[in-house]
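Work out the full structure: start from the sequences and follow the hints.
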Amino acid sequence: MIKLNNIHKSYVMGNNSLHVLKGIDLHIEQGDFVSIMGSSGSGKSTLLNILGMLDNYDNGTYHLSGNLISNMSETKAAKYRNDLVGFVFQSFNLISFKNAMENVALPLYYKGVPRKKRNQIALEYLEKLGLKDWANHMPNEMSGGQKQRVAIARALISNPKIILADEPTGALDTATSYEVMEILKQVNDSGITVIIVTHEHDIAAMTRQIIRLKDGRIHEIIRNGELKQFQKSYMKELETA
Amino acid sequence: MFDIDKWQEILATIKKNKMRTFLTGFSVAWGIFMLMILLGSGNGLSNGVASNFMNDAVNAMWIWQGETTIPYEGMKTGRPIQFHNQDQEVVQKVSGVGASSGRYFMGNTRYSYLKESGEYTTITCQPELREVENLILNEGRFINQIDILQNRKVVVIGADIKTALFKDSVALGEYVNINMVPFKVVGICTEPGSTRNRNAYMPLSTAQMIFNGSNRLHNLALTINASTLEESQAIEEQIRTALGKQHKFDPKDEGAIGLYNKLENYIQTMKIFQAIKIFIWIIGIGTLIAGIVGVSNIMLIVVKERTKEIGIRKAIGASPSSVIGLILLESIMITTIAGYIGLVLGTGLMEMINYFMMQSAGPATDQSETIFLNPTVDINIAIYSTLLLIVAGAIAGYIPAKRAASIKPIVALRDE
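Top to bottom, those sequences are chains A and B. Residues 1 to 241, numbered by my numbering, are exactly what the first sequence covers, in order. Residues 1001 to 1416, numbered by my numbering, are exactly what the second sequence covers, in order.
Just so you know, not all the hints are guaranteed correct.
As the list claims (entries may be wrong) - Capping the alpha-carbon separation at 30 Å, the derived lysine-lysine pairs in BS3-like fashion look like this:
no.: 1; chain 1: B; residue 1: K1018; chain 2: A; residue 2: K79
no.: 2; chain 1: A; residue 1: K117; chain 2: B; residue 2: K1006
no.: 3; chain 1: B; residue 1: K1015; chain 2: A; residue 2: K161
no.: 4; chain 1: B; residue 1: K1408; chain 2: A; residue 2: K22
no.: 5; chain 1: B; residue 1: K1308; chain 2: A; residue 2: K111
no.: 6; chain 1: B; residue 1: K1015; chain 2: A; residue 2: K116
no.: 7; chain 1: A; residue 1: K76; chain 2: A; residue 2: K98
no.: 8; chain 1: B; residue 1: K1016; chain 2: A; residue 2: K98
no.: 9; chain 1: B; residue 1: K1408; chain 2: A; residue 2: K79
no.: 10; chain 1: A; residue 1: K128; chain 2: A; residue 2: K116
no.: 11; chain 1: B; residue 1: K1308; chain 2: A; residue 2: K116
no.: 12; chain 1: A; residue 1: K22; chain 2: A; residue 2: K76
no.: 13; chain 1: B; residue 1: K1408; chain 2: A; residue 2: K3
no.: 14; chain 1: A; residue 1: K98; chain 2: B; residue 2: K1304
no.: 15; chain 1: A; residue 1: K214; chain 2: B; residue 2: K1408
no.: 16; chain 1: B; residue 1: K1006; chain 2: A; residue 2: K76
no.: 17; chain 1: B; residue 1: K1018; chain 2: A; residue 2: K116
no.: 18; chain 1: B; residue 1: K1015; chain 2: A; residue 2: K22
no.: 19; chain 1: A; residue 1: K76; chain 2: B; residue 2: K1402
no.: 20; chain 1: B; residue 1: K1016; chain 2: A; residue 2: K132
no.: 21; chain 1: A; residue 1: K76; chain 2: A; residue 2: K132
no.: 22; chain 1: B; residue 1: K1016; chain 2: B; residue 2: K1277
no.: 23; chain 1: A; residue 1: K116; chain 2: B; residue 2: K1167
In short, the hints are calculated from the structure, not lab data. Just so we're clear, the structure is a prediction, and the values are computed from it rather than from any experiment.
So, in structure tokens, the structure goes:
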């Protein structure tokens, strides 16, 4: 599904070059539920942006669903994003002058779905996420959790293969965070690959695979079996704290 | 392009930023408003002057006698030139000369009818004069060829003379005494562009015979067939040469005969107006460009403000072309609507000025001298201006749109 081979990425700022990703090799299968962790500056957001074709990489290869993603035109990247990927952001990134239904329907607009039909589909998705009554509300009339659910509905509406979430719970309180994670879990159960970036251990512990980044390299990958171990050690961390 | 959704998106942003939209629109509306006013005034001025020229035939020419100022063939200067009937024939033979009429001046002549009398100018002429001076006949007919051949004692009087002598009674067919000689009134005329119609017209042959004119002429009036300045000057020169041969004076002698070439004046004046028109267009387009730059500027700010939104759209799957379309259409829509408003207001104002001028001028409009007439912009120019605006809107929107499309979604999303 996702195959990263020796991915390098550096940002040039004036005369300084900041080497953010220093050779990432990664394999993510269809239906995985993965979290990417790491301290700030470890390159986790950069990695997610490269996965979502929001940013390009300098070196290496990236295959997504068997397609090599490299230096493609903006138009083609837009098409791939529209077809394959759904995004969920920390700051929701809803369009402020559109109501919930229109926000959810927007990806279908770029797919060329007629207005009535896409609004109807958007309503269905909002219903699934328990927001049917909020369909005509503007983003600023909704709570953080509701906004994030709208954002998830928007990410799901184009039937993507992957959901990429950048700190999806970063702006939410714990109870709402767990709600959102529960939704993402259900999304994953339906067969969609979910990749989230987070720095919260409890959130990461709800996924089935944790990739820890350190200084632009993969530090460790914690898989199913070891996850219980991770949870335990995390609990210890909590106790000592 | 005619996607309801796209328009709704544009309307949504416009509604959200009323002030910004107003300012953008205002700069364009003002530009086109000024263009319309400038063009309208230019047209009004040029129409007014052109209509003044139309009072006589545009291609009229008058020749009068003078004194030689250059010695010629042994004769010294200061020799007076006297026109005779045959001079008219000489001039008529010059190629390019249309209608021509000789004129014999009688000075002030006393007109009387019953108890009323007054002094008026009598112009003795041939039928062709009507064509040269564009005379309008209110009643009856003008002098004709038979009047000339039979030396008929007939007269065409100006409208003011008729009013003075005949009051409300019928003048046509009555006899009026001119210097004690009775003449039959055959027509009443007015001169276009004149408020005084105190001239009377009499057959040349009759006047020469009755009032001791022999075969002398004072003045020649004619029309010429020329379309360019060069052609009319060539005809002028030929006339000078022909008359010079007849009266033995140097064709270069400007004093021997006087010559007024209306066409030459007309062409020159029209050239000046052409220049003024071009000047007006330059100023108008300059104003318009200022408006376009304003729109461009504001659209750049719009793009900056909407960076995040554009980023979201791109993350969701908007292609660069759809982003360009969004910005471009907004810009085109604002300029087109605002420009149209400016167009309507500008032409409306000019139409209003026109209306009030017509009102205040009253029925005398085509009688009086105006330098401002019909200050309106013709529909073609209005259409071209609108097209120009749409193109301008596209140009104004293109640079910001291009910039918007090149924003990387990741950069846009980071923008807070």
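For each hint, the structure was consulted:
1. B:K1018 <-> A:K79: violated (34 Å)
2. A:K117 <-> B:K1006: holds (16 Å)
3. B:K1015 <-> A:K161: With Cα atoms ~37 Å apart, K1015 of chain B and K161 of chain A exceed 30 Å; violated.
4. B:K1408 <-> A:K22: Roughly 22 Å between the alpha carbons, so the hint for K1408 of chain B and K22 of chain A holds.
5. B:K1308 <-> A:K111: holds (21 Å)
6. B:K1015 <-> A:K116: OK: K1015 of chain B and K116 of chain A at ~23 Å, within 30 Å.
7. A:K76 <-> A:K98: At roughly 26 Å apart (the allowed maximum being 30 Å), K98 of chain A and K76 of chain A satisfy the hint.
8. B:K1016 <-> A:K98: At roughly 11 Å apart (the allowed maximum being 30 Å), K98 of chain A and K1016 of chain B satisfy the hint.
9. B:K1408 <-> A:K79: Answer holds: K1408 of chain B to K79 of chain A is near 15 Å, not above 30 Å.
10. A:K128 <-> A:K116: holds (19 Å)
11. B:K1308 <-> A:K116: Roughly 27 Å between the alpha carbons, so the hint for K1308 of chain B and K116 of chain A holds.
12. A:K22 <-> A:K76: Holds, because 27 Å separates the two Cα atoms, which is no more than 30 Å.
13. B:K1408 <-> A:K3: Cα-Cα ~23 Å, so holds.
14. A:K98 <-> B:K1304: holds (19 Å)
15. A:K214 <-> B:K1408: Holds, because 26 Å separates the two Cα atoms, which is no more than 30 Å.
16. B:K1006 <-> A:K76: Status holds; Cα separation ~21 Å.
17. B:K1018 <-> A:K116: Between K1018 of chain B and K116 of chain A the Cα gap is close to 28 Å, so the pair holds against 30 Å.
18. B:K1015 <-> A:K22: violated (47 Å)
19. A:K76 <-> B:K1402: holds (17 Å)
20. B:K1016 <-> A:K132: holds (26 Å)
21. A:K76 <-> A:K132: The hint is violated at about 34 Å.
22. B:K1016 <-> B:K1277: Status violated; Cα separation ~41 Å.
23. A:K116 <-> B:K1167: Since the Cα atoms of K116 of chain A and K1167 of chain B sit roughly 83 Å apart, the hinted pair is violated (cutoff 30 Å).
Violated hints, in rising order: 1, 3, 18, 21, 22 and 23; the structure is consistent with all others.
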